[in-house]
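S.K.: If you want the building blocks of each chain, they are given just below.
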Amino acid sequence: KAGVTQTPRYLIKTRGQQVTLSCSPISGHRSVSWYQQTPGQGLQFLFEYFSETQRNKGNFPGRFSGRQFSNSRSEMNVSTLELGDSALYLCASSLERAGEGYEQYFGPGTRLTVT
Amino acid sequence: TQLLEQSPQFLSIQEGENLTVYCNSSSVFSSLQWYRQEPGEGPVLLVTVVTGGEVKKLKRLTFQFGDARKDSSLHITAAQTGDTGLYLCAGGRGSRLTFGEGTQLTVNP
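Same order as they appear, the protein sequences are chains A and B. Its first residue numbered 1, the first sequence is counted upward by one per residue in this note's numbering. Its first residue numbered 1001, the second sequence is counted upward by one per residue in this note's numbering.
By construction, these hints were calculated from the structure, which means they are not laboratory data. Glycine residues also receive a C-beta, built at the ideal position from the N, C-alpha and C atoms. Hints should not be assumed to be uniformly reliable.
[To be verified] Away from chain B, derived, C-beta distances all over 10 Å, residues of chain A:
| # | residue |
| --- | --- |
| 1 | Q18 |
| 2 | S33 |
| 3 | Q44 |
| 4 | F45 |
| 5 | R55 |
| 6 | R73 |
| 7 | R111 |
[To be verified] Across the chosen pairs, the derived CB separations fall in these ranges:
| # | chain 1 | residue 1 | chain 2 | residue 2 | range |
| --- | --- | --- | --- | --- | --- |
| 8 | B | Q1009 | A | K13 | 40 to 48 Å |
| 9 | B | G1016 | A | R63 | 44 to 52 Å |
| 10 | A | N77 | B | G1016 | 44 to 52 Å |
| 11 | B | T1062 | A | R15 | 46 to 54 Å |
| 12 | B | V1050 | A | L11 | 47 to 55 Å |
| 13 | B | Q1009 | A | R111 | 40 to 48 Å |
| 14 | B | L1058 | A | R63 | 36 to 44 Å |
| 15 | B | L1058 | A | T53 | 42 to 50 Å |
| 16 | B | P1109 | A | T7 | 21 to 29 Å |
| 17 | A | N77 | B | T1062 | 37 to 45 Å |
| 18 | A | R63 | B | I1013 | 26 to 34 Å |
[To be verified] Rough simulated footprint, nothing fancy, chain A against chain B, three-plus residues with beta-carbon under 8 Å:
| # | region |
| --- | --- |
| 19 | 1037-1045 |
| 20 | 1057-1065 |
| 21 | 1087-1099 |
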C-alpha cells in the first residue's frame, strides 16, 4: 500500500500571501489530521477531518483552515501568512480500530518558509 | 490541556550502550504511541500501547505503558548508529493526539 503523500514538499512564500497544502491518505483511511512542527513548539495539532467533516480542532487562529474531499484527500489553507508560520506541516492518516487506539501514519511533510 | 513531558530532551551515547527515554503526564490516556522521526521526514510509528502495564518489544526496543496509563518508557538495548533520531511519544483520547516535545537521540560510532 502506498503511504501518505503530501504536496508540495517545499514551498517559499511571502508575508501576506496564502498557501494551500495537499495530503492524500493511505487507501482506506478516512481520518486525516494536520500538525505544525517547529523547533520551539514541537508537533502541534491543527485539526482532524473524518468523512469530510472537521472532527477536532486545535488552538490555531482562523487563518488556518482545512477541508476533506469525498475520496478522503485533504487540503489545508493558511491565509495572510506570517513569518511565524514557517514550519514543517505534517499530515497523518488513521485507520480507526476498536481497542487499538488511533494509530496515525505520517506523510513526509511540507516545509513552508515565509519570508 | 493534556501535556506530555519527555526526558531527557537530548541524549548522546556511544554505540553499544543502553538507554531509556521517559514520557510522563498527569492525565490518563486511552493509548500511547511512540514514533521516530529523522530530519526532513515525517514521524514513523514504532508501537502503540493500550493496556496499563503493557510491555511490547520490537527487536532491541522495549516499550512499557504505566499501570495508571499516564506514563511510558522506551528502552533501547545495545544502541546502534541507525537508532539516531527524534523519539516522540503521543497520547490522546479518541482521535486527537498530543505529542511530547521529543528526545533527540544521537548514537556515536
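S.K.: Going through the earlier hints one by one, which of them does the structure break, listed in rising order?
M.R.: Numbers 2, 3, 4, 5, 7, 8, 12, 13, 15, 16, 18, 20 - these are the hints that the structure violates, sorted from lowest upward.
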